[in-house]
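Chemist: Between the sequences and the hints, there should be enough to build the whole structure, so can you do that?
Protein chains in written order, with numbering that gives the first Met the number 0: chain X, 0 to 164; chain S, 0 to 797; chain G, 0 to 286.
Derived by calculation from the structure, the hints in this document are not laboratory data. Please note: incorrect hints may appear among the correct ones.
[Said to hold, decoys possible] List of simulated lysine to aspartate or glutamate pairs, DMTMM-like, C-alpha gap at most 20 Å:
#1 S:658 - G:262
#2 S:791 - G:257
#3 G:55 - X:72
#4 X:31 - S:116
#5 G:98 - S:726
#6 X:145 - S:460
#7 G:98 - X:124
#8 S:62 - G:243
#9 S:788 - G:262
#10 S:658 - G:243
#11 G:186 - X:125
#12 G:188 - S:662
#13 G:186 - S:453
#14 X:31 - S:115
#15 X:145 - S:726
On a predicted model such as this, the values are computed, not experimentally measured, just so you know.
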Amino acid sequence: MSKKIVSMNVNGKKVEEAVESRTLLVHFLREKMNLTGAHIGCETSHCGACTVDIDGESVKSCTCFAVQCEGSEVLTVEGLAQGGVLHAVQEGFYQEHGLQCGFCTPGMLVRAYRFLKDNPNPTEDEIRVGMSGNLCRCTGYQNIVKAVQYAAKKLREDAHKPVTA
Amino acid sequence: MNAPDRKAALQGMGDSRLRKEDARFIQGKGNYVDDIKLPGMVHMDIVRSPLAHARIKKINKEKALAIPGVIAVLTADDLKPLKLHWMPTLAGDVAAVLADEKVHFQMQEVAVVLADDRYIAADGVEAVEVEYEELPVVIDPFKALEKDAPVLREDLAGKTEGAHGQRYHHNHIFTWDAGDKEATDAAFKSAPVTVSEKLLYPRVHPCPLETCGAVASFDPVRGELTTYMTSQAPHVVRTVVSMLSGIPESKVRIVSPDIGGGFGNKVGVYPGYVCAIVSSIVLGRPVKWIEDRIENLSSTAFARDYHMTGELAATADGKILGLRTHVIADHGAFDACADPTKFPAGLFHICSGSYDIPAAHCTVEGVYTNKAPGGVAYRCSFRVTEAVYLIERMVDVLAQKLNMDKAEIRKKNFIRKEQFPYTSAFGFEYDSGDYHTALDKVLDAVDYKALRAEQAAKRADPNCPTLMGIGLVTFTEVVGAGPTKMCDILGVGMFDSCEIRVHPTGSAIARMGTITQGQGHQTTYAQIIATELGIPSEVIQVEEGDTSTAPYGLGTYGSRSTPVAGAAIAMAARKIHAKAKKLAAHLLEVGENDLEWEIDRFKVKGNAEKFKTMSEIAWAAYNKPPAGMEPGLEAVHYYDPPNFTFPFGIYLCVVDIDKGTGETKIRRFYALDDCGTRINPMIIEGQIHGGLTEGFAVAMGQLLSFDAQGNIQGNTLMDYFLPTAVETPHWETDFTVTPSPHHPIGAKGVAESPHVGSIPTFTAAMVDAFAHLGVTHLEMPHTAYRIWKELKAHGLTH
Amino acid sequence: MIPPSFDYHCPTSVSEAVSLLSKFGGEAKILAGGHSLLPMMKLRFAEPANLIDINKIPELRGISEEGGVIKIGAMTTENQILFSDLLQKKVPLLPEAAKLIADPQVRNRGTIGGDIAHGDPANDHPAIAMALDATFVLQGPGGQRKVKAVDFFHGTYMTDMAEDEIMVSIEVAPFASKTGYAYHKLKRKTGDWATAAAAVVLKMSGNKVSHVAIGLTNVAPTALRATAAEQLMIGHEITSELMDRVAESVRAICDPAEDLRGDAEYKTAMAGEMTRRAIAAAIARCQ
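Modeler: Put into C-alpha cells, the structure is as follows:
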C-alpha cells in the first residue's frame with residue numbers, strides 16, 4: 000500500500016514520517032515516535048488509556064488516523080514535564096497515590112492536564128464527569144479525584160505566585 | 000537525630016510513604032510488554048473460531064501467505080511434530096494450543112499468522128479461510144451432565160479417571176468434597192429449622208486494563224530463550240516452558256516487566272504465549288503477540304460460574320447447627336483452573352466463614368461446556384469469592400426466615416475471640432480474629448439503628464419513590480497459599496523467597512519470587528526491610544519478575560505476596576540482622592548479649608555513645624569481618640508458611656432503588672478491614688478502593704453470557720461493565736489490627752478482601768430492599784433491567 | 000484492532016467532497032468525527048475503499064443566528080454544542096443533551112451531523128432534532144435541499160440522504176421565552192447509548208399545555224416523534240391521570256430491539272418513564 004508523508008508537532012518538536020492512511024495515531028506515536036506512554040486497553044474507543052492532547056483538545060489517539068493530524072500540535076504524557084520539572088498533575092498523582100499499575104495513568108494525566116485548563120476550579124462531581132472518558136481498574140478513582148484536586152490547587156497557587164525578576 | 004526522627008527517616012513499616020515506582024509511570028516511562036521492541040521482531044496474530052463447537056474440515060492458508068509481509072501461518076498440524084498442539088493445564092487436564100481437528104469454544108485459537116508488522120498480521124488473519132462442520136453446542140452445565148448430552152472432549156474418550164478422581168460422565172471433570180457428610184446430614188435431620196437457596200455466581204472476567212501478551216526471543220546462537228510476558232508467575236512459567244520445549248531451565252529466561260493489572264487474569268499459560276515461543280524458536284527471531292480486548296474477554300481466564308445450592312440447619316433462635324452446599328462448577332471446555340494441585344475447587348471450603356459451625360460438608364462437581372476455560376481468577380483467592388458469597392447469603396436467608404436482625408444473627412454465630420486459633424468444620428485453622436469488636440465498630444460508625452428506623456419509615460410510606468436496602472457482610476477469607484505439604488502448583492510447593500544484599504555503602508538490593516502488578520511491592524517490600532535492618536526504604540532497590548535474577552517463587556495472586564514473600568523478606572532480613580549483630584559486637588569489642596537494637600543501630604546496653612549503625616556495619620562486612628566470618632552482608636530465605644492467613648472484614652452498604660427505573664444508587668459503603676499488621680496504610684487504602692470498585696462492577700453490572708449457539712455476549716467494553724468515575728461510589732474505609740500469630744511480621748494480606756467481601760454486600764443490600772416483600776435472593780448482576788423486573792413482579796412500577 | 004487499508008481524501012470544500020462521493024459511488028465513506036466509523040473499521044465490520052475526511056471544510060463548522068434561524072454546521076462537535084453561549088441561551092435542549100452523549104474525549108470529535116446522518120436509532124440527536132422541529136440542509140451534485148427531521152429517518156441506518164449527498168447544517172428555531180425543555184436518558188453508564196431516552200419541548204398557556212413535542216431515542220428502528228401522546232396534552236392541564244395516559248401512548252408506539260440493556264417490555268416501559276420525567280422537568284423550567 001502507498002504511504003503518505005505526515006507532518007505534525009509532537010511535544011513541541013516537528014516530526015515528519017511516512018505512514019499508511021490507516022495507521023492509527025496511537026500506533027504512530029508508540030511505534031514510529033517511540034513514545035510508548037499512550038497505551039492501548041481496548042479497540043472500541045471506551046477505555047481512554049490512549050488519550051493525548053491534539054490542538055488543545057483531549058482525544059483518544061486510537062480513534063483517529065495519523066494522517067488526520069497533519070499540521071497539528073500533539074501533546075503526550077512525555078511532554079508534560081518541562082525542563083525536568085513535573086507538571087502539577089504528575090505531582091498530584093504521585094502525592095495522592097492516584098496510580099497503582101500505571102497503565103491508565105498517562106491517559107489520565109494528559110486528560111487531567113486539559114480538564115484543568117478548561118476548568119481550573121472544579122467540584123468533585125465535575126472532576127468525575129471530566130475524567131469519565133478514562134477507565135481505571137486499580138484505584139477506584141477516589142485517589143485520582145484527590146490527585147486532580149491537588150493539581151488544581153497547585154496550579155491556582157502557582158498562577159498567583161509573583162513572577163521573580 | 001533523635002530516635003523518632005531516625006524512625007521517620009527510615010520510612011519503614013506503618014509509614015504511608017509515597018511510592019517508589021511512581022516516577023516512571025507518571026512520565027510515561029513504564030516498561031510494559033507491548034512497549035518492548037527487539038531488533039528483527041515480527042508480529043503474531045491469531046485466527047479464532049467463530050463457532051462454539053465444530054469440526055475443522057479444512058484450513059486454507061494460501062490467501063494469507065500471498066499477502067506481502069506475511070511470513071508464516073501455523074496450525075495444529077505444524078505443532079504436532081513438536082507435540083505442542085496440546086499443553087498441560089494447571090489443573091491436571093490438557094488444553095489445545097491450536098485447535099486440533101475440532102474447536103470447543105467460540106474464539107478458540109485455530110491458527111497463528113506471523114508477519115512483519117501487526118497491521119499485516121491482522122490482514123493475514125482476515126485472509127485465512129477455515130471450513131467448519133457445526134456440532135451441537137452445550138452451554139448449560141446441568142444439560143451437559145444429561146445422559147445423551149453431546150460429547151465435548153473426544154480426546155478424553157474412555158478416560159474414567161481424571162486428575163481429581165473418578166469421572167462419571169463424558170462431560171464430568173471431577174467431584175470433590177470436604178467436611179463431614181454424616182455429621183452434617185445428621186445435623187440437618189434433627190434441626191428445628193432448615194433453609195435452602197440456589198445461588199448463582201455468574202461468569203465474569205477480571206479485565207485488567209492491559210491485555211495479555213508476550214515477546215518471545217529465541218537466540219539460535221546461544222540456544223537461549225528469553226520471553227517477556229504478562230505473567231503473574233514467571234518462575235512457574237519458566238519451569239513449564241523448559242519442560243514443554245526441552246530447553247534446559249537454565250537457558251530459559253522469563254521476564255515479567257511492568258504489568259498493567261493482573262487480578263488473576265495473567266496466571267495461566269495461554270496458547271498465544273506458546274505459539275509466540277514456538278514461532279520464535281522456528282524463525283530464530285523475536286515474536287511479539289499482544290491480544291486485543293475482545294480476545295481477552297472471550298478466551299482468557301474467566302472467573303466464577305459456580306451454580307451453588309446452600310443450606311443451613313439452625314435452632315429456632317438462630318444458632319447455626321450445620322452447613323451443607325453443593326456446587327456445579329462450569330469450567331468451560333478445558334479444566335485450566337489456576338488452583339493448587341490438590342484443590343480442584345480451590346479454597347471453597349472456607350465457606351463456613353466467620354461462624355462457629357459444628358458440622359459442615361460441601362461438594363463441588365466440575366463440568367465441561369462449550370465455553371473458554373478458566374474459573375479461578377479475578378481477585379478470588381482461589382474460589383473464596385464464591386465461598387464467602389455462599390455463606391453470607393445463607394446467613395441472611397436464615398435471618399429472614401427467623402425474622403432476626405442480620406447483625407444480631409451474625410453476633411450470635413461468630414467465632415469468639417477466645418476461640419482462636421480456631422479449627423473449622425472443614426479443617427482450616429484460623430490464625431486470629433476479633434469479629435465482635437469489628438462489627439460493633441462498623442455498626443456504631445454508620446448508626447445502624449437509625450438506618451433500620453429510616454428503612455422502616457420508608458417501607459411504611461407507599462409514596463416513597465425508592466426502596467432502601469442495608470447490606471451487611473462479615474467475612475473471613477483465607478489467603479497466603481500456602482504450606483507446601485498442602486499447596487503446590489504442578490508439583491512445585493507454594494513457598495516464596497527473598498534474597499537481600501546490602502552494599503558496602505549501606506544501601507541494598509532485594510529480589511523476591513513474587514511479581515507486582517500494581518500492588519506497590521517496590522515500596523512495601525522495601526518498607527519491611529527498612530524496619531528490619533534500619534536502612535531507609537528509599538535506598539532499598541526491589542526487583543521482581545526476572546527469573547534469571549530473582550529467587551524461585553510462585554508469583555503474585557491469591558493475596559499471597561505479603562503472607563508468603565513478606566515473611567521470606569523478614570526472615571532473610573533477620574539472617575542479615577543476626578550477622579550484623581555479630582559484626583557489631585566485633586567492632587564494639589563487646590559480647591552480643593551486651594548489645595541492643597534501636598531502629599537503625601546496635602547500641603551497647605547502658606552506653607548510648609557506643610553504637611554501630613547498619614551503614615557502618617555494612618562497610619565493615621566488606622573489609623573487616625572477624626576471623627571465621629565470610630565477608631559480605633546478604634541472605635536468602637525460602638519461606639514455607641506453616642499455615643494460611645485469615646484476613647477479615649465487616650462491610651455495610653446502603654442502597655436506594657429507584658422504583659421507576661430499577662436503577663440503584665449506592666448511598667453509602669463502609670468497609671472495615673483487618674489484615675493484621677499494616678505495612679503502608681496509604682497503599683492498603685488504595686487496594687481497598689480498587690477491590691471495592693471491582694466488586695461493585697461485578698455485583699451491579701458484569702456478566703459474560705452465551706446464547707444457545709454458544710455465541711459469547713457482552714465481550715466488548717460497550718457492554719462489559721467497567722464503571723467510570725461517575726458511577727463509582729465514594730468508599731469509606733476503616734480498620735482494626737489483629738496480627739497473625741504465625742507470621743514473622745503479623746501481616747495477613749489484603750488486596751482481595753475488598754473484592755471477596757463487597758460483592759455479597761451489594762447483593763445483601765439489594766435483597767434487603769425487597770426483604771419485606773418476601774424476597775430471599777436476587778441473582779447478580781443487579782442491573783436496572785433485572786431490578787425493574789423484580790419491582791414489576793411486586794406491583795411496584797407504574 | 001487494525002483497520003483495513005483505504006485511500007484517504009481530504010477535501011476543503013463541500014462541492015469537492017460531493018464530487019468525490021459521486022466519483023466513488025458506494026466505495027466511499029465520510030469521515031466526520033470518526034467515533035462510529037473507526038470502531039467499525041477496527042473490528043472490520045466496515046471496509047470502505049475510500050475515506051473522505053470532511054474535518055477540514057470550513058463551511059461545515061460554526062453556530063450562528065441568521066434571520067431568526069439558528070444554523071449549526073454539521074461538523075459542530077458535541078463539546079462545541081455543550082459550550083456554545085448562543086445555544087445555551089436560545090436552544091438549551093441541545094447543550095443539555097450533549098452533556099449526556101459519550102464522554103469528554105469523544106465529545107471533542109463526535110459531530111451533530113455525523114450523529115444524525117448515521118441513521119443509528121441509538122444516537123441521541125435524531126429524537127432531539129424531531130422535538131425541535133429541526134430542518135437538515137443537505138448538499139448533493141444537484142445542489143442543496145432541506146428535509147425536516149421528522150421526514151428524514153426511514154429505518155435503521157436508512158435516511159433520506161442519498162449516497163452522493165452530505166449534510167451541511169442543521170436549522171432550528173430559537174426558543175420562545177418560557178419554553179420548557181428536558182432530555183432524560185436512561186443509560187447503564189457514562190458513554191453508553193440510551194436504554195431509552197425522551198426529549199421534550201413544551202410551552203404552557205396559563206395552566207394548560209399550549210405546545211409540546213416529544214422525541215424518543217432507541218426504542219424503535221428510528222427515533223420517534225410521539226405525536227399521539229402530544230395530542231393528548233395540547234390544551235389540557237397536567238394531571239397525574241393525564242401523565243399515565245401520555246406514558247401509555249408513548250409505550251404504544253415503541254418497538255425496541257432487545258439487547259443486553261433490556262427486553263422490549265423494559266425498554267418500552269422506560270420510554271414511558273423517561274417521557275414522564277422529561278415532561279416534569281420541562282414544566283419546572285417553563286415557569
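Chemist: Check each numbered hint from earlier against the structure, then list the numbers of those it violates in ascending order.
Modeler: Numbers 6, 8 and 13 - these are the hints that the structure violates, sorted from lowest upward.
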